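Start counting at 1 in the sequence shown, then tack on 308, and there's your number in this note's numbering.
Everything labelled a hint here was simulated from the structure, so no lab data went into it.
Treat the numbers as computed from the prediction; the structure is a model and nothing was measured.
It is possible that some hints are incorrect.
Unchecked claim - Each computed DSBU-like pair below joins lysine-lysine, with the alpha-carbon atoms no more than 35 angstroms apart:
hint: 1; residue 1: LYS499; residue 2: LYS639
hint: 2; residue 1: LYS804; residue 2: LYS543
hint: 3; residue 1: LYS559; residue 2: LYS543
hint: 4; residue 1: LYS582; residue 2: LYS467
hint: 5; residue 1: LYS324; residue 2: LYS429
hint: 6; residue 1: LYS467; residue 2: LYS402
hint: 7; residue 1: LYS406; residue 2: LYS467
hint: 8; residue 1: LYS639; residue 2: LYS582
hint: 9; residue 1: LYS779; residue 2: LYS467
hint: 10; residue 1: LYS804; residue 2: LYS559
hint: 11; residue 1: LYS499; residue 2: LYS429
hint: 12; residue 1: LYS402; residue 2: LYS579
hint: 13; residue 1: LYS651; residue 2: LYS499
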Amino acid sequence: MAREQLQVLNALDVAKTQWYHFTAIVIAGMGFFTDAYDLFCISLVTKLLGRIYYYQPGSETPGALPSNVLSAVNGVAFCGTLSGQLFFGWLGDKMGRKRVYGMTLMIMVICSIASGLSFGKNPTAVMSTLCFFRFWLGFGIGGDYPLSATIMSEYANKKTRGAFIAAVFAMQGFGILAGGMVAVIISAAFKAQFPAPVFEVDPAGSTVPQADYAWRIIVMFGAIPAALTYYWRMKMPETARYTALVAKNAKQAASDMAKVLEVELESEQEKIEKMSQEKGNDFGLFSTQFARRHGLHLLGTTTTWFLLDIAFYSQNLFQKDIFSAIGWIPKPKTMNALEELFKIARAQTLIALCSTVPGYWFTVAFIDSIGRFAIQLMGFFFMTVFMFALAIPYHHWTLPDHRIGFVVMYSLTFFFANFGPNATTFVVPAEIFPARLRSTCHGISAASGKAGAIVGAFGFLYAADGIGVRKTLIVLGVVNFLGMIFTFLVPESKGKSLEEMSGEGEEENGSTAESRQTVPV
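Given only the sequences and the hints, what does the whole structure look like? Please build it.
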């Protein structure tokens, strides 16, 4: 049986799209901009770090990071992110979204700056410092996932909620672009100011001492956008759904939203007290009632995000091979250190511009008309098709005449990841769980995704060497197919209020729980 909704929540659900919606997207999205920038820029500077710190005099090839150091530098932020998603997701439900939101941003700012500093000059000291601060940077970034998604979902109206949450996530695309562009600008400026011979001509002279400043500036630049939004994050009021449904303070919720929406709202404290006395909507995460109502939903959101990130992050590993294959990046010994940084950054920026960024914004444009379920299913389907199309005739694609075709297929896989499960796995967990568990459940789903990213980044690094690229691509195709199957556990939330989806707008009734398990196909 439906319960009468609070006026303040109904006002949010039916509100016209206003200026505060866009400011919320930018304030929440800046965290994702920084997140993508920080996670992306490190892959651009690893070759430069190898040349600076691991060159052996007399060697015929430029210095490179040892595989264990490379794995640590690339992967330690993932481990931090996973921890941060679980911890800050739980804390966001306990202390409130807003109070925790500033904390995550400050951690990101401090650790971005600290990542570019190092204690000592020798390689071990520099890499240890970098890894230490990148773990804590990841910890802050992890907190941004559940908090940004939850805040945006609780601020948005019913009609365009999917687009707003997806737009926050799509700021990642701009972060990736900014990472590439900053690296291009800084490497070009240093190259012009400090010319150096190529490695073949003068191995030691090809890496100028000033190159040590270039990577530090690139890494530290990520702190600027995050720092600029700190003040605005602190000015945002707590979401009405947390204040009313979790903190049970109707007066504060009505007052906060009256300012935001610029309308008069009743506080309805009696209604909240009546709701809190009723049984049926006070169950915890580990209760049988949660398992009955939302168990399959949580299984759906965690498995789909886990499977997606295995495929998505392992795909990134093939980028450098593809760039070399089509001649975008010459052999390392034919370039100096800064020139190599410039060429890698330019190539990755082009990929981001052509396939990554458009995919995100296609999701923003269509998520509230097509629906989350259809976009996720379609994305996984096309990722499966393109993976098998790359893998089965793999030898065909390695021939010089067909390399451009390989790049087109590869770019389409990225496009359908972003116009597909990469965006929807972020959106849906913020919509389908109760307010008091929303941030925690989103954190668990996101952490499951990061576990998949760790499997993708490390497992497939060794799989490609062990079983070869062709068989690895076939495995990735199977992973994408499994993602398609598990999508059937995830309900459609298009056009429904958060209380309808979570069951908070209903009194305890056995039939309602069952009806929410169904998925429109």
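A quick look at each hint next to the structure:
1. LYS499 / LYS639: With Cα atoms ~18 angstroms apart, LYS499 and LYS639 stay inside 35 angstroms; holds.
2. LYS804 / LYS543: 29 angstroms, holds
3. LYS559 / LYS543: Holds, at roughly 19 angstroms.
4. LYS582 / LYS467: The hint holds at about 29 angstroms.
5. LYS324 / LYS429: Violated - the C-alpha atoms of LYS429 and LYS324 are around 56 angstroms apart, more than 35 angstroms.
6. LYS467 / LYS402: 29 angstroms, holds
7. LYS406 / LYS467: Holds, because 24 angstroms separates the two Cα atoms, which is no more than 35 angstroms.
8. LYS639 / LYS582: 71 angstroms, violated
9. LYS779 / LYS467: Violated. LYS779 to LYS467 sits at ~44 angstroms, over the 35 angstroms cutoff.
10. LYS804 / LYS559: Since the Cα atoms of LYS804 and LYS559 sit roughly 25 angstroms apart, the hinted pair holds (cutoff 35 angstroms).
11. LYS499 / LYS429: 23 angstroms, holds
12. LYS402 / LYS579: It holds: about 22 angstroms lies between the C-alpha atoms, which stays within 35 angstroms.
13. LYS651 / LYS499: The hint holds at about 12 angstroms.
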